[in-house]
Amino acid sequence: MTGPLPPLDPLLHQPARTQLVAYLSGRGEATFSELKRVLGVTDGNLGAHLGKLVEAGYLATAEAAAGPRAQTAYHLTDSGRAALADYVARLTALVGLSAGDATAPRPVTEPTPEPRS
Amino acid sequence: MPDPQQQIQAIQSMLAAGHRSVHLERHSLLMIGGVGGFLGVATEWVITAERFPDMGQRGLALLAWLAVWLGGMALAEHILTRRARARRAETLPFAQAQVTRAWWMLLGVGCLASCAMVFHGGGGMVYALWTVLLGLGIYFYGLFSRPLVEWIGLATILLGIVGLAAGLPYGATRWLNAACFAIGMPLAGWLNLRYGNTEPVRRTLVLAGWLTLVVTPALLLARLPATPAPHALGPGERVLRLEAGARVPLRLDLEGPIVAADPGAGLDLTLARPVEVALRDGRPDGRYRIGDGPWHAIHDGILYLRIDRIEPRLAGDGPEVRAHAHFGGAEFEGDSR
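So the protein lines, in turn, are chains A and B. My numbering puts the first sequence at residues 31 to 147. My numbering puts the second sequence at residues 1410 to 1746.
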């Protein structure tokens, strides 16, 4: 590596949480049931991820009419959107750094001279 | 540690999934298809000239028939869609709500256009139709943009519909259409940058200003005489005046694969009002005026011939075809009936 690694948000640097945040960025808001269906995770797994993101202030909740009973719908907060944008930017920089290392010229290694008899 | 490239692709995939959350339910396809197909077949069996001899009643009956079926279908589809989403414990995406509104707007314009065609021929309403289409395009943009754009789209649609319903002359609808495009669109862009997200009261005032700046020039230009009166007659030019009661035979050249008219066949018409016709070298040059009204040209689109119904019947001495038609112009209606 020829440059420093950009630090990545540990909260978002987890596949399920990244996908969850990305989906809400496009969808706007979604209920627990919909997120579970889209992400294909268990109730406990999803609940844990949502709890961490809400605690960090990346997600907020609101009551939404999505059935006979009002359900909780999750949506990204402004800080959540900013965090996702920053995470994507750092990932992109990381990909660029990795690509740069792959094209850098390798140091020339001189052949080992044969021992004199 | 997850591969960064794979992470980015996963993010893009989930972003796209979130954006494309609009879902056309199976019941929607069945309902739209069923009702649309039924109306396409049954409407001309139900709304007939025999059942509604009066053209005005026929137009309103058609509008009511379409509105009841399409409106009822749209409402039922909307309710069933919300229930389907509720069963899946999903909220209705913003995009789906806006697409639904756009869909209802298209159905509404379709109903009104069908009604308008009873009263106006296609050629007579072409400019109003283009004004409505422009309004629809702006409205659709506005559904996913700033509220002022949506309001300007609605106002443009209404200009097209109200202009036609109010009996604006053909030339006026042409100027109005041109003004909506040439003045309305650039002005909408300029206003949107400054007042796109403003609060409703101020937005109403901005819209009123937009309407004034678009409609006023169009109506002023429409009042200008499109055809110059033959004041200074040059060599070979003269004006022929035909008094009310004068006989003007209509010679009919009718040909086709089914029937043909005898040479010289025609109608004996009698003028109900005096008519002046400009002649050049002994032949009409297209300019005319009814009574003491303004001069027009034949291509101004003022006059129209509307055939209300054609009835084949058996008369005493054999078969005959009776046609009921109306020949006139919007500015000549009223005391001629």
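Hints were generated in silico from the structure; no laboratory data involved. Just so it is clear, the structure is predicted and the values come from calculations on it, not from any experiment. You may find that some hints are simply not true.
Over 10 Å on every C-beta distance to chain B, these chain A residues come out as not near it, computed from the model [claimed, not checked]:
{"no.": "1", "residue": "Thr72"}
{"no.": "2", "residue": "Ala78"}
{"no.": "3", "residue": "Ala94"}
{"no.": "4", "residue": "Asp108"}
{"no.": "5", "residue": "Ser109"}
{"no.": "6", "residue": "Ala113"}
Which residues of chain B face chain A? A few of them, derived with a C-beta cut under 10 Å, are [as the list claims (entries may be wrong)]:
{"no.": "7", "residue": "Gln1415"}
{"no.": "8", "residue": "Ala1419"}
{"no.": "9", "residue": "Ile1420"}
{"no.": "10", "residue": "Ala1425"}
{"no.": "11", "residue": "His1428"}
{"no.": "12", "residue": "Arg1429"}
{"no.": "13", "residue": "Ser1430"}
{"no.": "14", "residue": "Glu1499"}
{"no.": "15", "residue": "Thr1613"}
{"no.": "16", "residue": "Leu1616"}
{"no.": "17", "residue": "His1733"}
{"no.": "18", "residue": "Ala1734"}
By construction, the Cβ of each residue, glycine as well, lies at the ideal position given by its N, Cα and C atoms.
Comparing the hints with the structure gives:
1. Thr72: 16 Å, holds
2. Ala78: Holds, since 18 Å exceeds 10 Å.
3. Ala94: A/Ala94 is in fact no farther than 10 Å from some Cβ atom of chain B, at 5 Å.
4. Asp108: 17 Å, holds
5. Ser109: 18 Å, holds
6. Ala113: Non-interface label on A/Ala113 holds, nearest chain B Cβ at 12 Å vs cutoff 10 Å.
7. Gln1415: Holds: closest Cβ of chain A sits about 9 Å from B/Gln1415, inside 10 Å.
8. Ala1419: 6 Å, holds
9. Ile1420: 4 Å, holds
10. Ala1425: 7 Å, holds
11. His1428: Hint holds; B/His1428 Cβ to chain A Cβ min 4 Å, cut 10 Å.
12. Arg1429: Holds. Min distance 8 Å.
13. Ser1430: 5 Å, holds
14. Glu1499: 5 Å, holds
15. Thr1613: With a minimum Cβ separation of about 28 Å from chain A (threshold 10 Å), the hint on B/Thr1613 is violated.
16. Leu1616: 28 Å, violated
17. His1733: Nearest chain A Cβ about 56 Å off; hint violated.
18. Ala1734: Because about 57 Å separates B/Ala1734 from the closest Cβ in chain A, which is outside the 10 Å limit, the hint is violated.
Comparing the model with each numbered hint stated earlier shows that hints 3, 15, 16, 17 and 18 do not hold.
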